[in-house]
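K.L.:
Protein chains in written order, with our numbering: chain A, 1 to 838; chain B, 1 to 256; chain C, 1 to 322.
Hints listed in this document are in silico derivations from the structure and should not be mistaken for laboratory results. Bear in mind that the values here come from a model prediction, so they are computed numbers and not experimental data. Treat each hint with caution, since some may be false.
[Claimed, not checked] No farther apart than 30 Å at their CA atoms in a straight line, the calculated lysine-lysine pairs in the DSBU-like style are these: (1) B/K16 / A/K190; (2) A/K375 / A/K571; (3) C/K282 / B/K149.
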Amino acid sequence: MSTLPSAARVVVIGAGIVGNSLVYHLARLGWKDIVQIEKGPLPNPGGSTGHASNFIFLTDHSREMTALTADSVEQYKEMGVFTQSGGIEVARTPERMEELKRRMASSRSWGIESELLTPAEVKALVPYVNTDVILGGFSTPGIGVVDSLRAGTIMRERAQALGALRLAPMTEVTGIDVEDGRVTRVRTDKGEFEADIVVIAAGVWSPRLAAMAGAAIPLTPAVHQMISVGPVPLFADTVGEIKYPIVRDMDTNCYERQHGGDLEVGSYAHRAILMDADEIPSIAESALSPTELPFTQEDFELQMEQALELVPDILGDERVGIRHAINGLLSLTPDGMPILGETPEVKGLWAAAAVWIKEAPGIARMVAQWMTDGKPEIDPHGSDIARFHAHQTTRQHVKARSAEGFNKTYGIVHPAEQWSSDRDVRLSPFNARERELGAVFFETAGWERPFWYASNEPLLEEYGERVMPRAAEWESRWWSPIINAEHLAMRDRVGMIDLSAFAIFDITGPGALEHVQRMAVAQMDVPLGRVVYTPLLNEAGGIKSDLTIMRLGRDHFRVVTGGAHGMGDRKWFRDHLPEDGSAQLYDSTSTWCTAGIWGPRARDVVASATSDDVSNEGFGFGTCRTIELGGIPVLASRISYVGELGWELYVPMEQGARLWDTLWEAGQPHGIVPFGIGVYGTTGRLEKGYRAHGAELELEFDLVEADMLRPKVKEAEFIGRTAYLEQRSRPAVATLCTLTVDDTTSASGVKRYMLGREPILTAAGGPITDARGRRSFVTSAGSGPSVGKHILLSYLPPEFAVPGTRLLVEYFGERYPVTVDVAGSTPLFDPDNARVRA
Amino acid sequence: MNVLVCVKRVPATAGKITLTADEQAIDTRYLGFTVSPHEECAVEEAVRIVEAQGGSSTVLTLGPEEATDQLREAMAVGIERAILLQTDGGEWSAVDTATAIADAVRAREAIEGPFDLILLGNEAADSGEYQVGIRVAVALDRPVVTGIKGLEVRDDAIVARREAAGGGWEVYELPRPAVVGVREGINLPRYPSVPGRLRARKKEVERIVPSRPSGAPTMIRLRVPVEQDSAVEILGEGPAAAPRVVEVLRRLGLIA
Amino acid sequence: MILVVVEHEGGAPERLSVEALALGREIAGTVGEPLQAVAWGPASAGISGPLAASGVAVLHVIEDPRLTDHAPEALGKALAQLIARDRPTAVIGTASDRSTEILAHATARTGLALTANCTEVRPGEPWQITRQRWGGSLLEEARLDGPIRCLTVAPHAMEPAVVPAGATVVVQPFTPELADRDLRVRITSRVPAEAGKISLADARVVVGGGRGVGSAEGFAELDELAALLGGTVGVSRVVTSAGWRPHAQQVGQTGTRIAPDLYIACGISGAIQHMVGARSAKAILAINTDRDAPMVTRATYAVIGDLHTVVPAIIEAVRAER
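Just chain A, same shape as in the assembly:
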């Protein structure tokens, strides 16, 4: 037995594709003294990597995942373990055919070579496909398969060759010790040793390991069924592993792929069979491996019939036998994304889990960069383990959402699609009132937020065609013209909105100012009662977040940020708190509920319910203070995300209903309407060109490109300052622009409205790529009811970032003319911001 060292700089637990990729990338970045622990034997320890299908489809609607996959393919190619085969997603239904057009658009947005095929063209590539059951295909020639076990060995050996890695196979972790919130020691059945950093890359076992340290990795092992049939006569003379393109039968959630002389059929369609990490058998107890469980035939029968329909020439051949069949275990997460990064619970304890073969080396590179200097090149926010709110790590939530998400693996998932399971977790005190008004709720971070109100239906008549009604089913899904009616009523009169999903942190203590100065790009040494909107950067100058900070006292700042990214922001602030304890962070999200009131008559409404001075002179834009409103003290903050006069109003949760009723009653004479997040997050925002984190603002873009520069750079040091200064000193290679669609009419005469992520093309139909190789695509899209146009935001290279430039946008296979209205952040609506400052 190799003896374990008694101490290590970093311990990586797991020698599947993730752990192997990670030790390599850490070694490449100069890490030494890495120990990799694996409870199974090498090279195939018995985890999900050992039975993976090992194929890589390149296009995902998620830009982050597509980028990570592309990087992974490059790495696999460099190792010589990638075999290009091509891959085709086939459609059996018209709805799927439309979806394939949407995937085609994603390919174009992310710069992947793909094409749509007729059934005959599919058959020319894959002769065993039955064209009678398909309507067409979406083909990507760059798709292929990898030898993930070989890749793992190569990467481990490279790390060893760099003198950075020692291996401890057949070693089971029995405990992870934590002292003062920091990981200190890993205990195993072969001894224990000290460690500064521990990375859990243990796939389906990760939750069990995390729990040893008191942390949560909210994934669940789930079954993916797979059979292998052979010998296939057609494959008899295939040299190597694969010759024919992999087929994904999207409508039946199955794939068919050649594997030497066999055809492998896998399924994501059966009932989601979830397990607990503790229920996985040990290596000794397993008939095959711990993650290859006995096949359950009854779960596969429908898929078998459907697969037989698609490839009858092979599967209908009586001489071709089912030689292997397993229920393979893989990891599912509540939102379908990987779980990466340092755990919020334990310093030094990192997760790299729920990662597929297709993205593992790319993710490992990203995580290694992140571990090294906190500056990953690809923005990990969608995968950041810090994204989970407490309720999202419960067993019930993880199982419910994972089960619901499983069958979406090949699903046609609308960008706004809502979860149906495990709802009604976080309810604001306004919830009862909202229900009475017929609110349609969308969920963010567990919060139920009204997206629009059925009670506003009468407004549709008032505004007629100005609500830009949608005839196409796709864009009218998860949407209502009432959103646009609410928008117009808010702009005409006044509207009130529930913003209780905000995440709120109080930073206090003698070091509070220094701390927020260090975090924020904007000057935070401001008078008490000021509200500052500011981006946050990482060290590389990438945009980490954007949020508002109120200065409530000399040593008291209140950070308000979106619920969706609140947990990530909290960890960012917390991680940078001064070591000397001179500043503390308190999460007061659950203390405060928030209402917003905006519109030209907002002051009239508020004034009618308060005796305090709310005039423009007495309560200027960008300030905050406590006023008495309807008999309760309310922290009012005069800012706006919809471009109108008004306030965010904060009261303790238990006084929320009182606040709502006060506004509602005071608003009646002024024609107040309740409005939903449809206005706040999209229509109101886009008309004002406000950037949203996760859409426009990502680590890969900077403030110059987003046109969010301030005239001066503050003297105080802040994270990313050096990079920011450097960014300011050179010309932008892209600028975020506001575009409008000139004609939304499709070939069939139906008006179509883009929803985001579509490719922007030159007037000639060619792709647009900036000097850093980034394609231009729609970062956000939505109605602009007040400007009467459909609005798109997109980063464009300088030659196109010129107002008046005519371009095209591709949507469901058709191209629509668009015009660049604004280059930069000047609003389309009320460009002088007169209304906000009224």
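Model the placement of chains B and C on the given structure of chain A, informed by the hints.
P.N.:
Just chains B and C, lined up with the frame of chain A:
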């Protein structure tokens, strides 16, 4: 040529066997189920005989409702019909099992005429008792041979081969109808095809409830033998270890 | 009386039958009853000498001129008649093909149960046994009921016992009542073993090959080493399923149980079904790339490395010795 083949549902063990807490059964939480390799070969042999000579093939098992899975596996590779002697899942002794099978055979033959050949696996993978076939044959007063790794069906006789203790073959010739216990190696069983699986799913399984055995069970408990890792002596790595291997061979008296 | 079924060859009882006799003697001692044996075939009387060493008092020899070769049904019926006549306390045989089938026939005809593959018998109130299941990967403890207790002994569960010489074995012929019909199943012909071929079960050295051999062609080196050491090749189930070697060479639960002086296991991971067939080997030399494979951890000796480089080196070294 009408062939009956008898199989038994058993857990598909491969790793370390673990027992239930009461030590009365194997813990099958992580295990699939199958039939013993001998029985897979018996099924294959039945299919081949009927393919070659015509007639009908029937598979029979005694076991719980879940044992229909094993009957369908047999039908997926070409057996035509299936009979489940349905039990509540408890283990039946060889005597009771043989009685139930013989009773079922008699009842079936009274209607449809005799099975020319009844095939069994030589012994079940779990109990390994090597006697159900003989007991069935005695009950039906039919000739029987066991341990068979070669079978030839003639119009008047069945010629069966068994490996002799010192090598070579013993050849037995049996009048029909007969009972034969086969061993793995008699053939290489085929894998089920997808159409075979789908056909098997739709087929009927005839269910018969045999009379319950009267005797009390004799098992007290199961236990896993203690397999101690030997204190293995590593002679070396790669070809360089060859001289030390020679030393061992000499020590054991295997080379002069 | 304790009755043991004895197979013999060449004037001496088979080794496995001697093991059964050892168990029979142990039981006879415990219950204070004489040990008797039953055999058949023309040369049966000639084994009385060797049987004395096992403590046998009486040898029953089944005699019928029609029993010219093995005939399980007739022998089973004969044994049934002997059991009915003498009503022994226990009837014991080894778990070979022949002893088992004769005992199965006999018990089926007398309405007795037959408990197979026992490793231990504990007479008492009630009698208890330990027996193998799953080819020995599991043990069952059970009561042994019934007026006459019939059982087979798992091979290699007992060491052959030798008692002080002096006692003489009384040979008693037993002539069963057999109809011609009872002889309908008998050996009608034999196919001799290939000349010079060493049987797997009897080989002193077995060179085993598993998945790690990689192909049918990969066995050439193993064949060569086996020939060099006067042994034979055995394989794991993966190998026969892949069609690389005939099933006759399979070692394991559904293949042959081997008991060589040395088992050289090349590229065999050591699945439980394989190990039960190899556990009677006196020593195991594992050649494997995986230091932690079960075959290595259970072996006496191991070489870590690729069998395709290690085996040729061993062949060369053995040649150099000669």
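K.L.:
Looking back at the numbered hints, which does the structure fail to meet, lowest number first?
P.N.:
No hint contradicted; all consistent.
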